[in-house]
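Number of protein chains: 2
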Amino acid sequence: MSELRRDPLVGRWVIVSTDNPTLPQGYEYEPHTWKGGTCPFCYGNESMTPPEIAVIREPGTGANTSGWHVRTVANKYPALQIEGDLNRTGVGIYDMSNGIGAHEVIIESPYHNKDLCDLLNPEIENVVSMYCQRALDLIKDRRFKCILVFRNFGPAAGASLEHPHTQIVALPMVPKNVKEELVGAHNYFDYRERCIFCDLLRQESQEKERIVVENKYFSAFCPFVSRFPFEIWILPKKHNCYFCHMTQDEIPALAAVLKEVLMKLKTVFPNLSYNMIIHSSPINGEDNVDSYHWHIEIMPKLTRVAGFEWGTGFYVVLTPPEIAAKYLKEAKIS
Amino acid sequence: MSELRRDPLVGRWVIVSTDNPTLPQGYEYEPHTWKGGTCPFCYGNESMTPPEIAVIREPGTGANTSGWHVRTVANKYPALQIEGDLNRTGVGIYDMSNGIGAHEVIIESPYHNKDLCDLLNPEIENVVSMYCQRALDLIKDRRFKCILVFRNFGPAAGASLEHPHTQIVALPMVPKNVKEELVGAHNYFDYRERCIFCDLLRQESQEKERIVVENKYFSAFCPFVSRFPFEIWILPKKHNCYFCHMTQDEIPALAAVLKEVLMKLKTVFPNLSYNMIIHSSPINGEDNVDSYHWHIEIMPKLTRVAGFEWGTGFYVVLTPPEIAAKYLKEAKIS
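The listed protein sequences derive, respectively, from chains A and B. Converting from the first sequence to our numbering requires adding 106 to each position, the first position being numbered 1. Converting from the second sequence to our numbering requires adding 106 to each position, the first position being numbered 1.
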């Protein structure tokens with residue numbers, strides 16, 4: 107019989123196929139296929155993107171020319187626009203607002219065919235530093251209440267360009283999913299006077315079987331209440347609500363864990379698409395410092411979300427996280 | 107500039123591309139491709155499925171043989187199992203339950219290549235009647251708190267078999283997404299002493315521009331706060347919290363609206379995959395009769411859900427519902 111598990115944070119139930127688990131070879135996932143054409147994110151094509159907002163580049167090289175390591179530009183097709191005042195109105199029973207916000211793209215490296223895990227550790231550290239730098243800058247804009255950093259890797263994850271990149275969005279309101287996590291974390295803290303994520307880390311490190319990789323500062327594991335097969339969470343061991351307040355020691359530690367985790371995922375599932383999302387506390391007066399704990403969620407695209415998931419918010423997980431963690435842990439990185 | 111719109115039911119924001127809308131020809135969606143092999147849902151292959159639980163068939167034909175019009179069988183690979191007592195336990199900070207529930211498949215017709223809208227109206231009425239009949243039967247089991255009827259049509263919508271079918275799931279708890287809608291509807295009712303869905307119907311029928319099809323009993327429209335381009339909701343005009351309490355007049359009226367709406371969608375987007383979900387009130391003591399209003403949501407698979415949506419619960423809608431409704435309304439059904 108399958109097992110139902112409930113997420114204590116947001117109250118989501120999942121159905122885990124514990125009696126008949128799907129092993130890695132049982133998944134047929136969508137391959138990476140891309141249209142050809144000139145890549146706007148490659149060296150020499152800097153003029154094809156909006157001008158750089160922030161950059162880490164070789165000394166002596168000029169803005170918007172080659173010689174950069176990590177490059178942040180405005181999204182050419184932004185979901186939200188930076189100019190203007192926030193203007194909220196009502197239309198009958200509905201509420202509306204104009205589309206104020208920021209939408210930037212972080213080009214992670216000049217290498218078209220290298221995913222984040224294929225970069226050298228110092229290169230990944232540059233990318234993580236850029237995440238923090240951009241977030242710290244966007245926070246200064248008091249219109250923004252929430253900053254989201256996410257990567258769509260591969261077409262099945264919604265990426266429209268092959269060249270690996272991260273997106274950063276600043277929103278003028280705290281979105282529903284973030285609010286839910288905050289409320290869940292707050293309620294737990296209220297009841298137990300402890301952080302739910304710290305408790306979760308403690309339980310995972312006692313039970314051990316779902317841990318994939320860990321070091322002094324971070325722990326990566328397949329969560330007990332995974333929504334997707336081979337889902338991986340990366341939690342900082344030190345309680346902290348903002349990812350951009352990472353210390354100088356934590357940045358290289360995160361880079362190392364990211365490299366190892368993504369490399370292991372790639373070893374088990376070559377050419378897999380995935381989403382990677384940084385969950386962090388809202389900003390500018392919407393804070394909830396005591397009870398929230400920033401973290402990263404990696405969601406591999408091995409299955410499709412269908413009517414059952416849409417209708418209920420239940421997820422059916424064909425591989426229990428205990429088995430997924432075992433495969434990832436044992437994966438030999440070449 | 108894009109427009110942010112907020113759903114008054116669950117508080118979800120969406121970003122609508124009002125300034126640069128994508129028109130139907132701008133979408134590239136996944137085609138229907140299927141593996142060959144014998145179809146277990148076709149005439150003559152009745153022995154390939156579990157025995158029928160309920161059936162509408164020609165008089166004089168025997169159970170589990172040809173001659174049926176609509177046939178309900180247990181799902182061969184059920185997410186939940188019907189036998190056993192519900193057993194809930196805790197594991198550290200997590201909650202668990204055994205996987206008790208029902209998971210049935212309604213084979214909508216013997217025709218392998220006919221979607222619901224390709225059937226004749228009386229055939230669609232049979233399918234709708236079967237939905238009600240199965241729900242009314244499953245409600246008798248006091249272990250179940252929620253019944254979900256949904257259709258995954260096409261591979262991009264998560265269908266694993268080509269032969270059109272509906273699934274019905276009975277759950278031992280009220281899932282998160284259903285609870286959210288109930289709470290939203292309840293809060294609105296508490297504040298205004300009116301049903302939010304009845305208000306929504308009134309506003310849509312006043313503004314008219316998002317209505318696709320309507321008759322005496324049902325209204326189909328592209329909701330103001332669509333999450334997906336060309337999303338369509340079908341609402342009964344008479345306030346009622348349970349779909350399975352539809353009257354004998356409502357069944358043919360729903361069949362007619364379903365046929366027209368799905369036919370129009372197919373005319374604008376041939377071979378499109380979509381999910382169709384019946385939202386209805388929980389059962390057996392979890393009722394919320396006054397404030398909830400059952401309805402159908404149709405979610406076309408024209409775009410992919412990516413990191414932004416997963417991280418925020420915000421959706422980016424490339425075609426405003428006003429434009430989608432115009433295309434659907436004007437689509438000439440052949």
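To be clear, the hints were calculated from the coordinates, so they are not data collected in a lab. Idealized CB from N, CA, C, for every residue including glycine. Hints may be right or wrong, so weigh each one.
[What the hints assert, rightly or not] Covered by chain A, according to a simulated footprint, are these stretches of chain B (three or more residues, beta-carbon under 8 Å):
no., region
1, 114–127
2, 181–191
3, 232–240
4, 247–257
5, 336–349
6, 376–383
7, 416–430
[Stated by the list, open to error] Below 20 Å or equal to it, Euclidean Cα-Cα: the simulated EDC-like pairs (lysine to aspartate or glutamate) are:
no., chain 1, residue 1, chain 2, residue 2
8, B, LYS314, A, ASP201
9, A, LYS251, B, GLU415
10, B, LYS182, A, GLU136
11, B, LYS251, B, GLU231
12, A, LYS372, A, GLU109
13, B, LYS251, B, ASP191
14, A, LYS141, B, GLU415
15, B, LYS282, A, GLU415
16, A, LYS141, B, GLU356
17, A, LYS182, B, GLU109
18, A, LYS372, A, ASP201
19, B, LYS141, A, GLU136
20, A, LYS251, B, ASP191
21, B, LYS282, A, GLU109
22, A, LYS285, B, GLU134
[Unchecked claim] Far from chain A, by Cβ distances over 12 Å, these chain B residues were calculated:
no., residue
23, THR155
24, PRO165
25, CYS223
26, HIS292
27, THR353
28, GLU403
Checked hints:
1. 114–127: holds (count 6)
2. 181–191: holds (count 4)
3. 232–240: violated (count 0)
4. 247–257: With 4 residues in contact (Cβ-Cβ under 8 Å with chain A), the coverage given for the region 247–257 of chain B holds.
5. 336–349: That given contact is violated, which follows from only 0 residues of the region 336–349 of chain B lying within Cβ reach (below 8 Å) of chain A.
6. 376–383: holds (count 3)
7. 416–430: Since three or more residues must qualify, the claim that chain A covers the region 416–430 of chain B holds, with 6 doing so at under 8 Å.
8. B:LYS314 to A:ASP201: Holds - the C-alpha atoms of ASP201 (chain A) and LYS314 (chain B) are around 18 Å apart, at most 20 Å.
9. A:LYS251 to B:GLU415: 17 Å, holds
10. B:LYS182 to A:GLU136: 25 Å, violated
11. B:LYS251 to B:GLU231: 26 Å, violated
12. A:LYS372 to A:GLU109: Distance of about 28 Å is beyond 20 Å: violated.
13. B:LYS251 to B:ASP191: 14 Å, holds
14. A:LYS141 to B:GLU415: Answer violated: LYS141 (chain A) to GLU415 (chain B) is near 24 Å, above 20 Å.
15. B:LYS282 to A:GLU415: 10 Å, holds
16. A:LYS141 to B:GLU356: 48 Å, violated
17. A:LYS182 to B:GLU109: 18 Å, holds
18. A:LYS372 to A:ASP201: Given that 20 Å is the threshold and the Cα spacing comes to 43 Å, the pair is violated.
19. B:LYS141 to A:GLU136: 15 Å, holds
20. A:LYS251 to B:ASP191: 46 Å, violated
21. B:LYS282 to A:GLU109: At roughly 17 Å apart (the allowed maximum being 20 Å), GLU109 (chain A) and LYS282 (chain B) satisfy the hint.
22. A:LYS285 to B:GLU134: 33 Å, violated
23. THR155: 19 Å, holds
24. PRO165: 33 Å, holds
25. CYS223: 17 Å, holds
26. HIS292: 15 Å, holds
27. THR353: 24 Å, holds
28. GLU403: 8 Å, violated
In summary, the structure is inconsistent with hints 3, 5, 10, 11, 12, 14, 16, 18, 20, 22 and 28 from the numbered list given earlier, while agreeing with the others.
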